[in-house]
Amino acid sequence: MFSITLVLAANLALGQSGGELVKQGQDVYEENCADCHRSNGEGLWVKFPALTGNTFVTGDPNPVIATVLNGRKGNLGQMPAWKDKLDDRQIAAVISFIRQAWSNRAPAVTPAMVAATRSK
181 MFSITLVLAA NLALGQSGGE LVKQGQDVYE ENCADCHRSN GEGLWVKFPA
231 LTGNTFVTGD PNPVIATVLN GRKGNLGQMP AWKDKLDDRQ IAAVISFIRQ
281 AWSNRAPAVT PAMVAATRSK
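Following the working numbering, the numbering of the sequence shown begins with 181 at its first residue and continues without gaps.
The set of hints was computed from the structure by calculation and includes no laboratory data.
Heads up, some of the hints might be wrong.
Below, computed lysine-lysine pairings styled on DSS-like, alpha-carbon distance capped at 25 Å [what the hints assert, rightly or not]:
| hint | residue 1 | residue 2 |
| --- | --- | --- |
| 1 | 253 | 203 |
| 2 | 300 | 265 |
| 3 | 263 | 203 |
| 4 | 263 | 300 |
| 5 | 265 | 203 |
| 6 | 253 | 263 |
Across the chosen pairs, the derived CB separations fall in these ranges [as the list claims (entries may be wrong)]:
| hint | residue 1 | residue 2 | range |
| --- | --- | --- | --- |
| 7 | 300 | 253 | 15 to 23 Å |
| 8 | 257 | 199 | 27 to 35 Å |
| 9 | 254 | 199 | 15 to 23 Å |
C-beta atoms are modelled at their ideal positions from N, C-alpha and C, and glycine is treated no differently.
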């Protein structure tokens with residue numbers, strides 16, 4: 181319940197700037213993510229997973245935020261941590277973009293949500 185309330189509050193907080201955040205996120209994505217996850221979000225083989233239609237991406241935003249901040253190691257590859265390269269707004273923007281791009285239709289996240297996860 182808390183996560184749903186937080187997402188609803190985040191969307192209200194985004195207001196008119198939500199579109200700007202998603203546009204910035206597209207730019208961040210193209211510069212930092214598209215080489216592995218592709219411009220169309222379909223990923224590259226199994227090493228770089230598809231983001232379009234991915235329930236991990238469109239579900240609870242907190243694990244997505246943690247993954248972008250801290251990276252992730254798996255059997256087939258590794259996603260780098262972005263916490264030292266991107267600020268909270270850039271990370272919120274790119275996550276908001278991937279949650280709303282292609283076939284995805286999930287609520288945006290805010291820089292405050294990223295900051296809360298970063299501080300844990």
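Evaluated hints:
Distance hint between residue 253 and residue 203 is unfulfilled; the C-alpha atoms sit about 28 Å from each other, more than 25 Å. With a C-alpha separation of about 18 Å, the suggested pairing of residue 300 with residue 265 holds against the 25 Å cut-off. Between the alpha carbons of residue 263 and residue 203 the distance comes to roughly 20 Å, so the proposed pair stays at or under 25 Å and holds. For the hint pairing residue 263 with residue 300, the CA-to-CA distance comes to about 13 Å; that is within 25 Å, so the pair holds.
Restraint check for residue 265 and residue 203: satisfied, since their Cα atoms lie roughly 19 Å apart, inside the 25 Å limit. This hinted pair checks out: residue 253 and residue 263 have alpha carbons roughly 15 Å apart, not beyond 25 Å. For the pair residue 300 and residue 253, the supplied restraint of 15 to 23 Å holds, since their beta-carbon distance comes to about 19 Å. The hint said 27 to 35 Å for the Cβ distance between residue 257 and residue 199, and at roughly 33 Å that hint holds.
Range check, residue 254 to residue 199: Cβ separation about 33 Å, and the 15 to 23 Å hint is violated.
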